[in-house]
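S.K.: Residues per chain are reported as follows:
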Amino acid sequence: DARVTQTPRHKVTEMGQEVTMRCQPILGHNTVFWYRQTMMQGLELLAYFRNRAPLDDSGMPKDRFSAEMPDATLATLKIQPSEPRDSAVYFCASGLAGVSAYEQYFGPGTRLTVT
Amino acid sequence: AQRVTQPEKLLSVFKGAPVELKCNYSYSGSPELFWYVQYSRQRLQLLLRHISRESIKGFTADLNKGETSFHLKKPFAQEEDSAMYYCALTAWQGGSEKLVFGKGTKLTVNP
Chain R
398 DARVTQTPRH KVTEMGQEVT MRCQPILGHN TVFWYRQTMM QGLELLAYFR NRAPLDDSGM
458 PKDRFSAEMP DATLATLKIQ PSEPRDSAVY FCASGLAGVS AYEQYFGPGT RLTVT
Chain D
25 AQRVTQPEKL LSVFKGAPVE LKCNYSYSGS PELFWYVQYS RQRLQLLLRH ISRESIKGFT
85 ADLNKGETSF HLKKPFAQEE DSAMYYCALT AWQGGSEKLV FGKGTKLTVN P
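So the protein sequences, as listed, match chains R and D.
398 is the number of the first residue of the first sequence in the working numbering; add one for each residue after it.
25 is the number of the first residue of the second sequence in the working numbering; add one for each residue after it.
By construction, these hints were calculated from the structure, which means they are not laboratory data.
Even glycine gets a Cβ: it sits at the ideal position worked out from N, Cα and C.
Just so you know, nobody snuck in bad clues.
To spell it out: a stretch of chain R is covered by chain D in this simulated footprint if at least three of its residues, at any positions, have a beta carbon under 8 angstroms from a beta carbon of chain D; those stretches are:
{"id": "1", "stretch": "440-447"}
{"id": "2", "stretch": "503-509"}
Distance ranges between label pairs, derived from CB positions:
{"id": "3", "chain 1": "D", "residue 1": "Phe38", "chain 2": "R", "residue 2": "Pro467", "range": "48 to 56 angstroms"}
{"id": "4", "chain 1": "D", "residue 1": "His74", "chain 2": "R", "residue 2": "Lys475", "range": "32 to 40 angstroms"}
{"id": "5", "chain 1": "D", "residue 1": "Ala41", "chain 2": "R", "residue 2": "Leu471", "range": "44 to 52 angstroms"}
{"id": "6", "chain 1": "R", "residue 1": "Pro451", "chain 2": "D", "residue 2": "Gly40", "range": "45 to 53 angstroms"}
{"id": "7", "chain 1": "R", "residue 1": "Thr470", "chain 2": "D", "residue 2": "Ser79", "range": "31 to 39 angstroms"}
{"id": "8", "chain 1": "R", "residue 1": "Glu411", "chain 2": "D", "residue 2": "Ser64", "range": "27 to 35 angstroms"}
The following block holds chain R by itself, in its conformation from the complex (with noise of 0.2 angstroms):
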């Protein structure tokens, strides 16, 4: 049963470290997503890569967050310098392009906690 992998699945920091999320997407899945989900905001689309490119990351506040596929298998969400405020469970989800994007498979999250 093929399924999403994200690491780390709990993260404590302080205030100005760097995070790094790692997330393994289903083998032939060619879509990536990044979600933030918070009590106040819901689920929040930050990025989301087709074929390793990046087609929008609207979502995501630019000055310290970065997302990236090194490769196929691989897709990082990395927050530097990290906040109190970025305290959030992050979603990864993958699909396949040319099927709707409600078919996506998601992650169990990594729950990050910036103290």
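Fit chain D to the supplied structure of chain R, relying on the hints for placement.
M.R.: For chain D alone, coordinates are given in the frame of chain R:
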């Protein structure tokens, strides 16, 4: 601009009672709407889509274009329905399709 509104952050009902989770949307086109569910400590997963007009786990949702609503309903709630529910629509932007989510409603079904 496309938007999904879920007016209730929290909803609490008793087991066996009817439940309705509200969702309103704005979209300049013909939307595709969905409900996603996230049970405690589990991944977000698709619950149902309006096109299929199916009932999943006793839940149904009807798209009302006149009221721009897609409310999720179940006649008799069960404790295992307690979860976070997100309404979403697919939107085209920049030649690509993406999901736009509401802020979610946390449903608690009390025994």
